[in-house]
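Position chains B, C, D, E, F and G against the provided structure of chain A, taking the given hints into account.
Chains A, B, C, D, E, F and G supply the protein sequences, listed in that same order. Going by the UniProt record's numbering, the first sequence opens with residue 1, and the numbers climb by one from there. Going by the UniProt record's numbering, the second sequence opens with residue 1, and the numbers climb by one from there. Going by the UniProt record's numbering, the third sequence opens with residue 1, and the numbers climb by one from there. Going by the UniProt record's numbering, the fourth sequence opens with residue 1, and the numbers climb by one from there. Going by the UniProt record's numbering, the fifth sequence opens with residue 1, and the numbers climb by one from there. Going by the UniProt record's numbering, the sixth sequence opens with residue 1, and the numbers climb by one from there. Going by the UniProt record's numbering, the seventh sequence opens with residue 1, and the numbers climb by one from there.
It should be emphasised that the hints constitute simulated quantities derived from the structure, not laboratory data. None of these values were measured; they are calculated from a predicted model. It is possible that part of the hints are untrue.
Computed cross-link-like contacts, DSBU-like style, restricted to lysine-lysine with a CA-CA straight-line distance of at most 35 Å [stated by the list, open to error]:
#1 K20/D with K88/D
#2 K63/B with K50/C
#3 K20/G with K50/F
#4 K165/G with K55/G
#5 K215/E with K67/D
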Amino acid sequence: MSVNRYNFSLTTFNPAGELKQVEYANNCGSKGAPTVGIITKNGLVLATEKRIDSKLTIGRTVKKLEKISSHMAMAYSGMAPDFRILSKMAQKTCAAYSLVHSGIVPVDGMAMAVSNTMQEFTQSCGVRPFGLSVLLGGWERGRARLFRLDAAGSLLPFRACAVGKDAEQRMEFLERHYAPRLTMEAAVYLAIQAIRMGDEQSLPAQHFEIGIIDKTGFRRLDIATIESYLMNMN
Amino acid sequence: MSVNRYNFSLTTFNPAGELKQVEYANNCGSKGAPTVGIITKNGLVLATEKRIDSKLTIGRTVKKLEKISSHMAMAYSGMAPDFRILSKMAQKTCAAYSLVHSGIVPVDGMAMAVSNTMQEFTQSCGVRPFGLSVLLGGWERGRARLFRLDAAGSLLPFRACAVGKDAEQRMEFLERHYAPRLTMEAAVYLAIQAIRMGDEQSLPAQHFEIGIIDKTGFRRLDIATIESYLMNMN
Amino acid sequence: MSVNRYNFSLTTFNPAGELKQVEYANNCGSKGAPTVGIITKNGLVLATEKRIDSKLTIGRTVKKLEKISSHMAMAYSGMAPDFRILSKMAQKTCAAYSLVHSGIVPVDGMAMAVSNTMQEFTQSCGVRPFGLSVLLGGWERGRARLFRLDAAGSLLPFRACAVGKDAEQRMEFLERHYAPRLTMEAAVYLAIQAIRMGDEQSLPAQHFEIGIIDKTGFRRLDIATIESYLMNMN
Amino acid sequence: MSVNRYNFSLTTFNPAGELKQVEYANNCGSKGAPTVGIITKNGLVLATEKRIDSKLTIGRTVKKLEKISSHMAMAYSGMAPDFRILSKMAQKTCAAYSLVHSGIVPVDGMAMAVSNTMQEFTQSCGVRPFGLSVLLGGWERGRARLFRLDAAGSLLPFRACAVGKDAEQRMEFLERHYAPRLTMEAAVYLAIQAIRMGDEQSLPAQHFEIGIIDKTGFRRLDIATIESYLMNMN
Amino acid sequence: MSVNRYNFSLTTFNPAGELKQVEYANNCGSKGAPTVGIITKNGLVLATEKRIDSKLTIGRTVKKLEKISSHMAMAYSGMAPDFRILSKMAQKTCAAYSLVHSGIVPVDGMAMAVSNTMQEFTQSCGVRPFGLSVLLGGWERGRARLFRLDAAGSLLPFRACAVGKDAEQRMEFLERHYAPRLTMEAAVYLAIQAIRMGDEQSLPAQHFEIGIIDKTGFRRLDIATIESYLMNMN
Amino acid sequence: MSVNRYNFSLTTFNPAGELKQVEYANNCGSKGAPTVGIITKNGLVLATEKRIDSKLTIGRTVKKLEKISSHMAMAYSGMAPDFRILSKMAQKTCAAYSLVHSGIVPVDGMAMAVSNTMQEFTQSCGVRPFGLSVLLGGWERGRARLFRLDAAGSLLPFRACAVGKDAEQRMEFLERHYAPRLTMEAAVYLAIQAIRMGDEQSLPAQHFEIGIIDKTGFRRLDIATIESYLMNMN
Amino acid sequence: MSVNRYNFSLTTFNPAGELKQVEYANNCGSKGAPTVGIITKNGLVLATEKRIDSKLTIGRTVKKLEKISSHMAMAYSGMAPDFRILSKMAQKTCAAYSLVHSGIVPVDGMAMAVSNTMQEFTQSCGVRPFGLSVLLGGWERGRARLFRLDAAGSLLPFRACAVGKDAEQRMEFLERHYAPRLTMEAAVYLAIQAIRMGDEQSLPAQHFEIGIIDKTGFRRLDIATIESYLMNMN
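Isolated chain A, as found in the complex:
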């Protein structure tokens, strides 16, 4: 029963100065599928696990990475419908920006816009926080950028980052193995390892969604490519 007494507490502090509702929303992100982002010398890798409950699901068309603009993409751990709303919002913001300005959309500006929306949902009454953690990455002016956004609206730049289930252990793994100027290939191997960490059985290729951003823009790896990565790892 106690579970149902958390009504409307979203906007208030407890005596310890904490916003419990925001922490609970972050717990929603912390239970999500593991998602990893890694900056390389030429670009950026975003990788996530797709949990596909049924073999009748057309996994290929389930998108857990969303292209935001030609050189920018978002991944997440947590509630899929909330992510859809946020990513659409980001795509529209990019499109609107392009109508006014020329050149590539700045990655940090987009990260701030998205995280400001997430903050707003923690300070207003009558809405709940977004239930997810987001990795937003992009390529601009010759280098890759990667940001982690959480339900509170926090925003931090990373060289490599993991969110979702057991994020702490995966972060430690990345810290041990990350090297400043990884090749794209090495980063894909590292991302797959970080996601597979602790799994007793190796996940099949369809359970991965991997995206790459470099100077040519964003593209998804096809299943065959992911399979060849997996085969090389065993």
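Frame of chain A, contents of chains B, C, D, E, F and G only:
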């Protein structure tokens, strides 16, 4: 009494990071009449059980499948009035789309529009989530598409899918018997079997509503056709 | 005291996926005076019991059936003031429709409009559901239509239907005695019997309100006519 | 203390399908001063008891009957300020009607307008129901009309009616003594008797407010006239 | 603690049909300083006790009587800030009236306008009732008028009236001593006596505020005049 | 825990007719730093204690007295941020007044405008009362005026007044020592004594803020001047 | 469980006249990373600790100091997303100011604008207070200004100030070591010492963010410069 303490909790997370009210709305869908969608080599079958309490009900005109556009339709498990609202909304969106664009309305765009509406009702205060699960299917550019939408606003593409009462067992049944390039006829037999699963007595033809979508568009099977299917099965 | 704790629960699901407040509103309809609708070969009969507490009430002018358009009418069980609001709304919708379109207003469109309003009052905050069950009937294109609407906004077509107190027993009675191509006269006898069912004393003519819809439109039976029906039955 | 837990319950049903808050508002009307309306062969009598706490009150100018239009008036039992609001609203509606239409305002239309307002206050959040019962009477097209309106927005036509304290006993008294074509004089005697019923001491003339509506319109009886009625009765 | 559970109950009835919050607001008026109004043959006296806590208060400029128009004034018992709001509102209404109409503002119309505002604050959500009782008096067409308004929005005309602390005993005193055609002087003596009633020590002149309205308009008695009245009384 | 149950009670009366939330807001003012205002024969002194927690605070620029117009100023006890809002509002009102009218702004009009704002925050839902007591003083037409405003919106004129911590004892002190036609110098000594009352150690000059209003307008005493006052007192 | 009962209490006083929710918001600031501001003879130093959880965070681009205009900056302790909102608001206000006025934006005006926003969030319903303490500093007309703002909207000018974890001890440290006309260099050493206070291990250069404002405007110290400061201190 405890039943009545769930007021206004719709928009908040519990400490475990769950949105209980959305789960309860999904429970409403999970108790609904079984509904099945199956993609075939030439199109798509949508089938559902019509629970007709009285023989005085004019079952023929009760519609549990709604045509959304010439090549698209929706079925559901859960609250009929909520479905009526969502399906009308979808029909209007299609009609508005046709006024602006030419050609056939994209199925995934429509699925996203409907599920965004469902998500919005989980994040705003003062409304409750929709109490149903939806199957939305259509034919476009030479192939059929089938999406499952739930009360949280989740959206997943399927080759074949069951929602409503005992959805898990019916999914397992579909997984065992689904074949990639089924004929339309075989898919109708499969859908009827999935719906009848576990019933001790065989349902009469009037208790089924079956729709077919192919390149010629959406049409409902008449009672005589359903009866001949049922007779062939016994 | 517990009775007063049901505040604001109208828009939320309980763990079982039920909307209790809507069920309670339906209970309001289920306690109302019995009301019956029967489709005949040439039209439709709507009949209801008028509970007149005092002989000083001018029963003749109490209307429990409301004409909605030339060929359409509504009856109800439950809260009279709520019915007045809904029927006025329906009358205005019909009048507005006639200003734009020519010909007779479609009965199913009107039934959907009314039940959509009833659904809306179950999903929005700050209003309560309507406390009644409605029978809406009409004649169009050579045939009669009859719909049952409930507090949840559900909408079902019937050949014959009873709502209000002991609706289940009255439905069983109708199921036993209904025949597809009843004459109008036979349908009036059947409706009266369904309403009188279980009453120890026979109700006087003033306690009935009976309306008929056929190709000539809607009209109410006068007291003398009802009395002659009653006399023939004893 | 329990008295103060009834917050905001105005718009919801309890499990028995009742709107308790509306019943409580009706209880407010049921405790009010007795008020009686009687249709005669030539018109209508409205009579009520004025409870004047102090002899310093200028009873003569306290109006418990309000003229609504030339041939229409309202009386009430319950909260005086609520009545003032409703009667002003009715007067304005009549005045606006006269600007647009010619001829006398229909009594039943006015009764419906007032009771619709009362219904609206039972279905919306953030307002309470009106705390009174109303008798609305008028003369039109050669006959008198009398309506009883309650806090729920119910509307019933009567030949004679009593509201307020001990309304049931007074109704029984009226039922025993009412005759179809009473003279105006006889109706005034009957109304006074119905109001005095059960009082040990006879009320003085100032404690009555009596209005008459006939083809010449509405007028109040002066104290002298009421006194002569009272003297004739002892 | 219980004191703090009365949240938001302002607009609802308890089972006995009472609006407790309005009664509590009236209790606020009933604890206020005694205030008296008396109609004389040539005008009207309004008198009230000024409770001046400190001799440093400039009692002379504290106004507990407010002039509303040339021939109208208001006095009160209860919350001073609420009175300020109501009296300003009345002054503005009078000023606006004068811009449109010629002649003196009707006293009963003003009393109704003020009490309607007070009623509105008992029926709307999100505001509390006004915490005071008001005496509003004026001179028009050769005679004086005096009205009592309470927190519920009730409105009663009086020849003489007392509100505030121990209002009942003061009303009895006025009833015993009031005579229909008092001189202004006699009414001032009577008002002072009614206010001093029960006080062991006689209040000094500064503790009275006394206003007079006659055909020449409203004016306040100065301290010297009040003192001479007091001296004549001992 | 009980501390946190006072939600939303701001606009309702308890059974004793009290507005507890307003009393609590006044308690906030009653705990504030002592503040004193004294009318002299040529003007007005406003004095208050500045509690400066750290010697690194630039006490000189902390303003606890605010100039409202050339000849008007406000001081307070209670919440500094609330005072900032109120004083800015007053300054803007003065500036707007000057644009429309010529001459000096009336002090009582400004006091009423500020206290009306304070009253409004006690009667509306969704805001809390202001947490302070205000002294507002000014010079106009050859004389000084001084008003005390509290959280309820009460407004009283004084010759001399103290608000904040132990206001009652300080008022008694002022009552004993106040004389009608004090010199400005004597009033400054009196104000300092009233503020220091009961302090074991004498406060240094920086802990006082003292303002003077006379026909030449408002000015603050500098530290040196305050120091010389303090030295003369020991 | 009790933690979750603090709903909506943000705008109400408890009986002691305290706004607990604002105190809780301040507790959020009081747990934040230590932040220090020090005025020097030529300008101002702002310094804060950057808590960088992972070595994969790109600490260099995490900004805990925000430039507001050419000669103004803000630092904070508490919630990063809330700070981002406030600092953006301040930057926009400055930009808008510059479009209208010429010259440098006044520091105290900006401090007041920001703290007014913070106050507003403590007095309105439906929002929570900002969860942080802010140091806002700038250079104008030949001197530096430094203000501390807290969640209540309080605003105090300081010569040197510390906010965040153990602010009291750090203030004492600053009070002991602050000298009126410090050089910029000495102030940087002092700020670093105040932040390192009590840490057993010395923090590396990357864990500091230090900004300087003088007549040439705002600039951040680079890592190398901070490192040389740290080396000189050991």
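- [ ] Would you mind confirming whether the straight-line C-alpha gap from K165/G to K55/G stays at or under 35 Å?
- [x] Status holds; Cα separation ~23 Å.
Task: Hinted pair K20/D and K88/D, Cα distance within 35 Å - done: Since the Cα atoms of K20/D and K88/D sit roughly 28 Å apart, the hinted pair holds (cutoff 35 Å).
Open item on the list: Next pair to validate is K20/G with K50/F; report whether the Cα-Cα distance is within 35 Å.
Closed with: holds (24 Å)
Open item on the list: Can you confirm whether the C-alpha distance between K215/E and K67/D stays at or below 35 Å?
Closed with: holds (31 Å)
Open item on the list: Need the status of pair K63/B, K50/C: alpha-carbon distance at most 35 Å?
Closed with: Judged against 35 Å, a Cα distance of about 34 Å means the pair holds.
The structure shown violates none of the earlier numbered hints.
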